[in-house]
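Novice: Listed below are the residues making up each chain.
Protein chains: 2
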Amino acid sequence: MASLGAWPPEGTAREPPAIHLLKPLFGSGGLPVDGATCASWRFGVETNNVRGWRTVPRSCEGYVGHYMLGDRYRRDSAVVATEAAAYAEGLQLPGDGMDVWIFDIDETALSNLPYYAHHGFGVEPYNATSFNEWVDKGIAPALPESLKLYHKLLPLGIKIVFLTGRSEERRKVTVTNLKRAGYRTWEKLLLKGEGVKGTAMAFKTGEREKLEEQGYRIVGNLGDQWSDILGKPEGARTFKLPDPMYYIS
Amino acid sequence: MASLGAWPPEGTAREPPAIHLLKPLFGSGGLPVDGATCASWRFGVETNNVRGWRTVPRSCEGYVGHYMLGDRYRRDSAVVATEAAAYAEGLQLPGDGMDVWIFDIDETALSNLPYYAHHGFGVEPYNATSFNEWVDKGIAPALPESLKLYHKLLPLGIKIVFLTGRSEERRKVTVTNLKRAGYRTWEKLLLKGEGVKGTAMAFKTGEREKLEEQGYRIVGNLGDQWSDILGKPEGARTFKLPDPMYYIS
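Quick mapping for you: the protein sequence lines, in order, are chains Z and V.
Quick note on numbering: the first sequence equals residues 65 to 313 in the numbering used here.
Quick note on numbering: the second sequence equals residues 65 to 313 in the numbering used here.
It is possible that some hints are incorrect.
Same chains, same names: a pair is fine if it fits in one copy or spans any two.
Keeping only pairs whose Cα atoms sit at most 25 Å apart, straight-line, the calculated DMTMM-like set for lysine to aspartate or glutamate is [as the list claims (entries may be wrong)]:
#1 201 with 232
#2 252 with 188
#3 296 with 271
#4 243 with 188
#5 223 with 273
#6 252 with 200
Keep in mind the hints are simulated off the structure, nothing from the lab.
Owing to the predicted nature of the structure, the values given are computational and were not obtained by experimental measurement.
Can you make the complete structure from the sequences, with help from the hints?
Specialist: If you want it as structure tokens, here you go:
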């Protein structure tokens, strides 16, 4: 393996920060009082050390807000997408149309940052009613780095499978939203059927099993939660996007 | 699950930064030119997105050096150790002496930061000769957070298994070093036998299999590399310490 050399690799210039055109932080607009500590909490979360948390620590609202609205979230996402694209481009694929890449939806294909920016960036407990009202608008923007990766995977003959914990009743608005955000084609859109119990991880693992039974090869799997990418079969290689706003088991 | 509430939890006051009493950064002593980008590279590394890298990007030497010698490395490690201790203290154990916790050694039980501080914090390619000369001195300090966790696990009746890619020929100096650093008792010290081929992950997975065959229950597993904590049986719960200096597959 060669040294990484220059960082970032060529061709990773950033797009205009479209999802950042949001109103400024509400509440704590200044620098976080205890930035280093919130940064370490984020380290713990992103490395799957800190699990089962329900809300962002209140003292970290400012820190997480600045992270999400600033350069860091975009840059961290770009590292993941760049690595994923390099991996995909290095694959030798048979070209029989059975190679798929799994994309989670929320905070992966689509960004709910416009919603969370008005709800304390994860400091407020999850509110299904208000979150679903947002989802039903169908206006979530793409996470730009995920969309860029999507556009690199399609020409390689890799098909896209969206696999989401969103419920089946939101299929229509999800289709509308994905297309509006720039995802124009996919092999499957797998949502959680009514009455499906258990964790997101169990649901998603089960759906990946079914894909393999159908003859698909899962060459890649991209999500913002560890529950998206753990559990066999997880895919030949998994990629973890940042998400310090919420935890799903 | 309750909210995390205050962060850090009570009782996580930091010890004096003993392993920081090193000479200042050599070479780049100032702030990194491109800190945010090196920070995102580190995110990619710590989340197992960026794999198979041989050296820290040269432009990130200053960033990684400041990270390692400053508060962040200690604080990030403390989050992991605190979470691990809380998990361990919540376990219901049968008390039959068969519950074990696996500790990796380098950058987990012991810190080689005094060595890496003189070798570019991972910017220089790995040099087995000079690294082994350092190891043979047997003076690596404990990673303080790991030692603290060790001291919390023992009274719970959890036995310690050290599992390391260090070779069997370094058993004696490793024993000396562990004791000198404050690890006074353990159930097993598993080193890599002569002629063992393959990746660290394969070796460690195989050793964990043997432990389970011997009737041990691996209740926890702590390492700085993903190859320490991936591969079934990985242990009931795994914990990933920070290490932006090198990658082992």
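Novice: Broken hints, numbered, in rising order?
Specialist: 2, 4
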